[in-house]
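Letter by letter, the chains look like this.
2 protein chains.
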Amino acid sequence: MDEQISSSPSFSFGDESFSPQSRDELVRAVADALAEGRQEDVHALVVPLHYSDGARLFERLNAEQRRLLIDIMRFEFDAEILCDLDPAVREDVVACLGFADLAAAVRELDSDDAVHLVGHLNDDERERVLAALPLEDRTMITQGLSYPEYTAGRLMQRELVAVPAYWTVGQTIDYLRESPNLPEDFYDIYVVDPRHRPAGKVALNRLLRARRPVRLREILDLAVQSIAVTMDQEDVAVLFREHDLVSGPVVDRSGRLVGVITVDDVVDVIDKEAADDMLRLGGVAEPDLYRAVIGTVRSRFTWLLVNLGTAVLVSMVIGMFDGTIKQIVTLAVLMPIVASTGGNAGTQTMTVAVRALATRELTAGNALRVLGKEILVGCLNGVIFSAIIGTVTWIRFGTLEISFIIAAAMVINIVCAALAGLLVPLGFDRIKVDPAVASPVFVTAVTDVIGFFAFLSLATFLLL
Amino acid sequence: MDEQISSSPSFSFGDESFSPQSRDELVRAVADALAEGRQEDVHALVVPLHYSDGARLFERLNAEQRRLLIDIMRFEFDAEILCDLDPAVREDVVACLGFADLAAAVRELDSDDAVHLVGHLNDDERERVLAALPLEDRTMITQGLSYPEYTAGRLMQRELVAVPAYWTVGQTIDYLRESPNLPEDFYDIYVVDPRHRPAGKVALNRLLRARRPVRLREILDLAVQSIAVTMDQEDVAVLFREHDLVSGPVVDRSGRLVGVITVDDVVDVIDKEAADDMLRLGGVAEPDLYRAVIGTVRSRFTWLLVNLGTAVLVSMVIGMFDGTIKQIVTLAVLMPIVASTGGNAGTQTMTVAVRALATRELTAGNALRVLGKEILVGCLNGVIFSAIIGTVTWIRFGTLEISFIIAAAMVINIVCAALAGLLVPLGFDRIKVDPAVASPVFVTAVTDVIGFFAFLSLATFLLL
Numbered sequence: 074m075d076e077q078i079s080s081s082p083s084f085s086f087g088d089e090s091f092s093p094q095s096r097d098e099l100v101r102a103v104a105d106a107l108a109e110g111r112q113e114d115v116h117a118l119v120v121p122l123h124y125s126d127g128a129r130l131f132e133r134l135n136a137e138q139r140r141l142l143i144d145i146m147r148f149e150f151d152a153e154i155l156c157d158l159d160p161a162v163r164e165d166v167v168a169c170l171g172f173a174d175l176a177a178a179v180r181e182l183d184s185d186d187a188v189h190l191v192g193h194l195n196d197d198e199r200e201r202v203l204a205a206l207p208l209e210d211r212t213m214i215t216q217g218l219s220y221p222e223y224t225a226g227r228l229m230q231r232e233l234v235a236v237p238a239y240w241t242v243g244q245t246i247d248y249l250r251e252s253p254n255l256p257e258d259f260y261d262i263y264v265v266d267p268r269h270r271p272a273g274k275v276a277l278n279r280l281l282r283a284r285r286p287v288r289l290r291e292i293l294d295l296a297v298q299s300i301a302v303t304m305d306q307e308d309v310a311v312l313f314r315e316h317d318l319v320s321g322p323v324v325d326r327s328g329r330l331v332g333v334i335t336v337d338d339v340v341d342v343i344d345k346e347a348a349d350d351m352l353r354l355g356g357v358a359e360p361d362l363y364r365a366v367i368g369t370v371r372s373r374f375t376w377l378l379v380n381l382g383t384a385v386l387v388s389m390v391i392g393m394f395d396g397t398i399k400q401i402v403t404l405a406v407l408m409p410i411v412a413s414t415g416g417n418a419g420t421q422t423m424t425v426a427v428r429a430l431a432t433r434e435l436t437a438g439n440a441l442r443v444l445g446k447e448i449l450v451g452c453l454n455g456v457i458f459s460a461i462i463g464t465v466t467w468i469r470f471g472t473l474e475i476s477f478i479i480a481a482a483m484v485i486n487i488v489c490a491a492l493a494g495l496l497v498p499l500g501f502d503r504i505k506v507d508p509a510v511a512s513p514v515f516v517t518a519v520t521d522v523i524g525f526f527a528f529l530s531l532a533t534f535l536l537l
Numbered sequence: 074m075d076e077q078i079s080s081s082p083s084f085s086f087g088d089e090s091f092s093p094q095s096r097d098e099l100v101r102a103v104a105d106a107l108a109e110g111r112q113e114d115v116h117a118l119v120v121p122l123h124y125s126d127g128a129r130l131f132e133r134l135n136a137e138q139r140r141l142l143i144d145i146m147r148f149e150f151d152a153e154i155l156c157d158l159d160p161a162v163r164e165d166v167v168a169c170l171g172f173a174d175l176a177a178a179v180r181e182l183d184s185d186d187a188v189h190l191v192g193h194l195n196d197d198e199r200e201r202v203l204a205a206l207p208l209e210d211r212t213m214i215t216q217g218l219s220y221p222e223y224t225a226g227r228l229m230q231r232e233l234v235a236v237p238a239y240w241t242v243g244q245t246i247d248y249l250r251e252s253p254n255l256p257e258d259f260y261d262i263y264v265v266d267p268r269h270r271p272a273g274k275v276a277l278n279r280l281l282r283a284r285r286p287v288r289l290r291e292i293l294d295l296a297v298q299s300i301a302v303t304m305d306q307e308d309v310a311v312l313f314r315e316h317d318l319v320s321g322p323v324v325d326r327s328g329r330l331v332g333v334i335t336v337d338d339v340v341d342v343i344d345k346e347a348a349d350d351m352l353r354l355g356g357v358a359e360p361d362l363y364r365a366v367i368g369t370v371r372s373r374f375t376w377l378l379v380n381l382g383t384a385v386l387v388s389m390v391i392g393m394f395d396g397t398i399k400q401i402v403t404l405a406v407l408m409p410i411v412a413s414t415g416g417n418a419g420t421q422t423m424t425v426a427v428r429a430l431a432t433r434e435l436t437a438g439n440a441l442r443v444l445g446k447e448i449l450v451g452c453l454n455g456v457i458f459s460a461i462i463g464t465v466t467w468i469r470f471g472t473l474e475i476s477f478i479i480a481a482a483m484v485i486n487i488v489c490a491a492l493a494g495l496l497v498p499l500g501f502d503r504i505k506v507d508p509a510v511a512s513p514v515f516v517t518a519v520t521d522v523i524g525f526f527a528f529l530s531l532a533t534f535l536l537l
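So the protein sequences, as listed, match chains A and B. When we follow this note's numbering, the leftmost residue of the first sequence carries the number 74, and every step to the right adds one. When we follow this note's numbering, the leftmost residue of the second sequence carries the number 74, and every step to the right adds one.
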C-alpha cells in the first residue's frame with residue numbers, strides 16, 4: 074500500500090518540498106529530455122501529471138518546446154490541460170494541436186469545460202471545431218455559448234443527478250449504481266418536482282447515513298437557493314463563499330433545473346475576480362506573465378497613455394503658476410509632496426471601496442454612512458499630516474507662510490482624496506462600469522490637480 | 074413541496090432580486106423592529122437566517138442595535154455567525170455576549186471553527202473562555218492553537234472518516250449509518266494504513282456507485298497529496314485550486330492522518346489572500362470598512378507617513394536643482410510627467426509580479442526570463458512614450474533641447490521602473506517579507522527619485 078502511494082505521480086506537498094522548486098526541476102527535466110530527443114523520458118515525466126501541473130508545465134516551456142511536447146503527447150493529450158492554460162499559451166497550444174485533435178479533446182470534457190474552452194477560441198477556430206464535433210456535442214456547446222459570458226449559464230455543467238422526492242434512499246443508491254451516465258464528480262443529489270423544478274438537495278453524506286427505507290423528502294435540505302442562468306458569476310461566487318456551498322442548482326426562466334455549478338469552478342472565479350481587480354487597480358488589463366513582449370506592451374500601453382494624458386493636464390495646471398514659481402522656487406521643490414500624499418490617501422479609500430463593491434458589502438444602504446466615515450478619516454489624517462509637513466517645512470526653510478500654505482493645501486487635498494476615493498468607484502459602479510478599471514486614473518487626476526492647484530494658488534494669493 | 078420551498082428563509086438569489094437590495098431591506102426591517110421594541114418580529118426576521126447573512130446583518134447594525142439584538146437572540150445565537158464576522162465587529166459582539174454564552178457558542182462549533190474563533194480573542198478573553206469549557210473541548214482547542222497561524226494545522230478540522238482499505242463498500246456504508254459521531258459534512262472517506270497514515274481517498278459518489286461487496290482498495294483514489302500540518306495556508310489554497318479538491322488529508326510529522334481541510338475553508342483563504350494583496354498594494358493594512366474612525370485613521374497612518382517620508386526625499390532631490398529651475402521654470406512644469414509615467418509603469422510590473430509570486434507562478438526558475446521580458450517591454454514602452462512626450466513638449470514649448478531631455482529622462486525612468494517593479498517584489502519575497510506590503514513604497518520611491526533626478530540633472534548638464 075505504501076509503495077503504491079510513494080509511486081504516485083503527483084508532487085509531494087510535504088513540509089520542505091513545496092512546488093516552486095519541484096516545478097522548476099520538472100520543467101528543467103522535460104526541457105532537457107526534449108532537447109536530447111529522449112521521447113520516452115518525456116512521456117514518463119508528463120503523462121502521469123495532474124492536468125493543472127501539465128498546464129503549468131506548458132506555460133513554462135517556450136514555443137518550440139511546446140510544439141515538440143505536443144507531438145510526443147498527441148494521443149494522450151489531457152484535454153483538461155487546455156482549459157487550465159493561460160489564454161496566451163492556450164492560443165499557442167491550440168494552434169499546434171490542430172482542429173481534429175482539438176475536437177477530439179473537446180469531446181472528452183465535461184460540458185462546462187467544453188463550453189469554456191470553445192468559448193475562448195476565435196470565431197474561425199470555433200466554427201471549425203464545432204464542425205468537427207458530432208451533432209449532440211455541437212448542440213450542447215452551442216446552447217452553452219448562447220448564455221452571456223461571465224454568467225451562471227456559462228459556469229454550469231449539464232450533467233447532474235435529479236430524482237423525485239418520493240424515492241427512498243435505497244432506490245436512489247440502486248439508481249446510482251446502475252445509471253451509466255452520471256456526472257464524473259458530484260456532491261449533492263437534487264430533488265425535483267414533476268415539472269423538473271428543484272425542490273431541495275440531499276448531500277451525499279446525508280444519503281449515506283440514512284437507512285434504505287427512508288424517503289428523500291425526509292432528509293431533504295430545503296434551504297437551497299436556485300441560481301438563475303443569467304446570474305453574474307461574481308454573485309455566484311459570493312453566494313458559494315458565504316453559504317459554504319459545494320454545489321448549487323441552476324434554473325432557467327421557468328424555474329426548471331438545467332444545470333449545476335460545482336465549487337471547483339467557483340474557486341477559479343473567486344481567484345480570478347480578486348486577481349483581476351488587483352491587476353486592474355495596478356493598471357494591468359489582464360494577467361500578462363506568459364504574454365510575448367509585443368502583446369504585453371500593447372496591453373499596458375492604454376493605461377500608460379491615459380495616465381500620460383492626466384500628467385500633461387496636471388503639468389498645465391502647474392504652468393498656470395509659472396510666474397509664481399519663478400519668484401519662489403521653493404514651491405517647485407515642495408509641490409510634489411502635497412500631490413503625492415493626497416494620491417496615496419485617495420488610493421487607500423479607493424482600494425477599500427473597490428473591494429467592498431466586489432464583495433457586495435458596499436451598497437446604496439450604507440454608502441452614506443461610509444462616506445461620512447471616510448470624510449472624518451480624511452479630516453483627521455489631513456490635520457495630522459498637515460501638522461507634520463508644516464513643521465518639516467518650517468524647520469527646513471524657516472518660512473512660516475509657506476509652512477502654513479503647504480499645511481492648508483494638504484488638508485484640502487486629503488479630504489478631497491477621501492471624497493474622490495469613495496465617490497469615483499461608487500459612481501462607476503452605479504453606471505455599470507467596472508470600478509477597478511476606471512477609478513485609479515480619475516482618483517489620481519483629482520488628487521494631482523487639486524494638490525498642485527491648492528498649493529500653488531494659495532501661494533500666489535498669499536505671497537505675491 | 075413548492076410551498077415549503079417558497080417559505081424557505083433564505084434570500085432569493087433569482088435574476089432580478091440579488092442580495093444588495095434585499096440585504097438593505099433586511100437591515101432596515103430589523104433596525105425598525107429593534108427601535109420599536111418589536112422583539113417577536115426581530116426574532117422572526119433573524120433566527121431563520123443563514124449564519125453568513127446573520128453576520129452581514131450584525132456588521133451593518135450600529136453598536137447599540139447589536140447589543141439589543143444579542144439580548145433578544147441570546148439563547149438562539151448561532152455560533153457560526155461569530156466565525157464569519159469582520160474582526161472589528163466580532164470584538165464588539167463578543168463583548169456583548171459575555172463569556173458564559175461565548176463558551177457555550179464555542180462548544181457548538183466544529184473544531185476548525187472553534188480554534189479559529191478562540192484564536193482571534195485577546196489573551197485575557199481566551200483564558201476565560203477556555204476555563205469555561207469542558208476539559209475535552211479545551212484540550213482540542215489548545216492543541217489546535219499550538220499550530221502557527223496561517224498554517225494547515227489551523228485550517229483543518231479533526232472530525233473525519235478514516236477506514237481501512239480491506240473494508241467493503243457495504244461495511245463502510247453500514248459504519249456510516251451506525252456511527253454516532255461523524256463530521257457534520259464530509260465529501261471524501263480517507264483510507265488509512267494500520268499506522269493511520271493516509272493511503273488514498275474514496276469520494277462519496279464513487280462509494281455510492283460501487284456495489285456492496287467491492288473492497289475500498291479497488292475504488293481507492295491513490296493520487297492523494299498529503300498536506301503537512303505546518304504547510305502555509307496560501308500553499309494549501311494553491312493546491313486545492315489547481316487540483317480541484319473538495320477535501321484534503323492533513324498529516325503530522327510522522328505522516329499520521331490528524332485532520333482534514335475542506336474546500337469551504339479554502340475558499341475563504343483564497344478570497345482573503347487575494348483581497349489582502351490588493352488592499353496592501355493600495356496601502357491599506359487590513360479591510361477597515363467596519364472599523365471605527367479612529368481605528369481606520371490609525372491603520373492607514375503608517376502607510377501615509379512612510380510615503381510622506383519618500384515624498385520629502387523626492388523634494389530634496391528637486392531641491393538639489395533649484396538653481397536650474399529658477400532659470401528655466403518650464404522644467405518645474407514638466408517634471409511631474411516623467412515621475413508619474415515611470416511610477417505607473419513600475420506599478421504595472423510590480424502588480425503582475427506580486428500576483429505571480431502569490432500564485433507561485435514566478436519562481437527562481439523563470440525569474441530571469443521574466444526579467445528579460447520586462448526590460449524589453451520597458452525599453453519599447455520607454456521609446457514609444459518618450460516619442461509622444463517629446464513631441465507634445467516640442468509643440469507646447471517649441472524648444473528642441475527640452476523635448477530631447479524629457480524624452481531621454483522618460484526612457485531611463487521607464488526602464489528603471491520595469492527593473493524596480495520586478496526586482497523589488499522578488500527581493501522582498503526572497504527575504505520572506507510580504508512583497509505586497511513592502512513593494513509599493515519602494516517602487517514609487519525609485520521611479521520618483523530617478524524621474525526627477527534624470528530630468529533635472531540632464532537639463533542642468535545640457536542647458537546651463
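Please note that a few of the clues may not be correct.
[Unchecked claim] BS3-like, lysine-lysine: derived pairs with alpha carbons at most 25 Å apart:
1) B/LYS399 x A/LYS345
2) B/LYS345 x B/LYS446
3) A/LYS446 x B/LYS505
[To be verified] The following residues of chain A were derived to be distant from chain B, with all beta-carbon distances above 12 Å:
4) HIS116
5) ARG140
6) ILE145
7) GLY192
8) ARG227
9) ARG231
10) VAL340
11) SER372
12) ALA426
13) LEU473
14) ALA511
15) LEU535
Keep in mind the hints are simulated off the structure, nothing from the lab. Each residue gets a CB set at the ideal place from its N, CA and C atoms; glycine is no exception.
Between B/LYS345 and B/LYS446, is the straight-line Cα distance small enough, at 25 Å or below? violated (30 Å)
Least C-beta distance between A/ARG231 and chain B, which was stated to exceed 12 Å: Nearest chain B Cβ is 17 Å from A/ARG231, so the label holds.
Are all C-beta atoms of chain B more than 12 Å from that of A/VAL340? Violated, because the least Cβ-Cβ distance between A/VAL340 and chain B comes to about 5 Å, which does not exceed 12 Å.
Grab the minimum beta-carbon distance between A/ALA511 and chain B and tell me whether it stays above 12 Å. Label holds. Min Cβ-Cβ 15 Å, cutoff 12 Å.
Check on A/ARG227 being off the interface with chain B, judged by Cβ distance over 12 Å: holds (15 Å)
Check on A/SER372 being off the interface with chain B, judged by Cβ distance over 12 Å: Violated, because the least Cβ-Cβ distance between A/SER372 and chain B comes to about 9 Å, which does not exceed 12 Å.
For the pair supplied as a hint, B/LYS399 and A/LYS345, confirm whether the alpha-carbon distance does not exceed 25 Å. The hint is violated at about 50 Å.
In terms of Cβ atoms, is chain B entirely out of 12 Å range of A/HIS116? holds (18 Å)
Confirm or reject the statement that A/LEU535 sits farther than 12 Å, beta carbon to beta carbon, from all of chain B. holds (19 Å)
Status of the stated non-contact between A/ILE145 and chain B (beta carbon gap over 12 Å): At about 22 Å from chain B, A/ILE145 clears the 12 Å cut-off, so the statement holds.
Non-interface claim for A/GLY192, where every Cβ of chain B lies beyond 12 Å: Correct as stated: the minimum Cβ-Cβ distance to chain B is 19 Å, above 12 Å.
For A/LYS446 and B/LYS505, compute the direct alpha-carbon distance and say whether it is at most 25 Å. Distance of about 35 Å is beyond 25 Å: violated.
Checked against the numbered hints listed earlier, the structure breaks hints 1, 2, 3, 10, 11 and 12; every other hint is satisfied.
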